[in-house]
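So the sequence lines, in the order shown, correspond to chains P and X.
Heads up, the first sequence is in this note's numbering, so the first residue is 69 and it goes up one at a time.
Heads up, the second sequence is in this note's numbering, so the first residue is 69 and it goes up one at a time.
Please keep in mind that the hints were generated in silico from the structure rather than gathered at the bench.
Since we're looking at a predicted model, the values are computed, not measured.
Among the chain P residues that face chain X by a calculated CB cut under 7 Å, a handful are: (1) Val-152; (2) Ala-156; (3) Phe-160; (4) Val-171; (5) Val-175; (6) Asp-192; (7) Ile-196; (8) Val-300; (9) Pro-302.
Positions of the beta carbon are idealized from the N, C-alpha and C atoms, including for glycine.
Next come the chains, spelled out residue by residue.
Protein chains: 2
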Amino acid sequence: MSKLYVVGIGPGNPDSMTFRAKQAIDTAEVIAGYSTYIDLIRPLFPNKEYLVTAMRQETARCQMAIECAKTRPTAMVSSGDAGVYGMASLLFELAEGQVDIEVIPGVTAALSGAACLGAPLGHDFAVISLSDLLTPWETIEKRLRLAAQADFCIAIYNPASHKRADYLRRASGILLECASGDTICGVVRNIERDGEECHILTLKELADFPADMFTTVFIGNSKTRVIAGHMVTPRGYIHG
Amino acid sequence: MSKLYVVGIGPGNPDSMTFRAKQAIDTAEVIAGYSTYIDLIRPLFPNKEYLVTAMRQETARCQMAIECAKTRPTAMVSSGDAGVYGMASLLFELAEGQVDIEVIPGVTAALSGAACLGAPLGHDFAVISLSDLLTPWETIEKRLRLAAQADFCIAIYNPASHKRADYLRRASGILLECASGDTICGVVRNIERDGEECHILTLKELADFPADMFTTVFIGNSKTRVIAGHMVTPRGYIHG
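Just chain P, same shape as in the assembly (with noise of 0.2 Å):
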């Protein structure tokens, strides 16, 4: 039996890489994944064979993966981390011990996004998704409004899409239910690609905001300050 390597490649520049992913991608014949991350590592891995699909084709692609990892050494790749939002539960669902899987962590938006904002995770937070196509839509509302009510920072994953126009204002509406409307918050969009912007903004404001595909939220706590353009959530070393 031959490995098959779940590899977070962060937030898509090649340096934002481990060492780590680097070699399991080395070692691999097979690089499966979504075209717009085989697109990102293509040109570092010249010699490897592809199996790329569209979005929305996750389960095949995965099947095809531990298929191929049955006989040479394979690896998915999946921006950010793949254990978050990624491709890597579903692996272990579909292979249900077939294949040998590794799991090799990356950093994700939570943590890339954080860094060109400053440091807005810097105490206990929650990390939610407001895509509903797999998730119901109570659900997330319910984690939102606990989330606020437990005065977590609060990154948010999928803010936004075409069919999805409106998700951001209705998560800032349950969030400002308990939450201040001046707590700070933080958008990134395009994180270390081309086009990388940040903006800090209030809850208040967010509503408003036009988040795509590409943007990262970041919800602060009640802590949380602006400090020299930087969003900065303290741990508490520091009082008054």
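Please arrange chain X on chain P, whose structure you already have, making use of the hints.
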């Protein structure tokens, strides 16, 4: 004004550092950090000047790094990601714009520990530290309770220390108010270092687990399962 790089080096194995982290340390003339992390990287960067401080001297360490960065490029290293219970937020607070701070994200223990176990954070999750050095225990308890009510997967940092030997037991008790005793949990110790250990157990059993400072704990959500010896939280692609 020269630069202060705040660098997350990942779990400790040098291969788990990103290329960007290595480049930032290479660029710096002076490397600051807590002695344990410095010991991990000193062999890789032998020709640097080091500013090493002991644990619990966080404010002094950050002030030294900021002073130093006023005249020479300096890197402050943290294990994992410097923005997650690391030095990034304290540096922004103390520097108040006097030096140019660049945060280089790294693979935090929630991600590296998850990869050891399988895919425990495959859906929305919360990250909570049990350390009450800087956070009132009541706040920690409230966040644990609300995270369990939200059915978040949870990554717990700092589950125990010599002085806080029973904190994981206390946390488990709070989670059990809302979550089933059969909830799948995972524990990883010495992630990607010598003596790495992974265990999968139930929430009922977790209370008695002898966690220490080098342990990260994962609580599954209500759908988390064990598949071929791995802890897996489904994203939701497969129903039934």
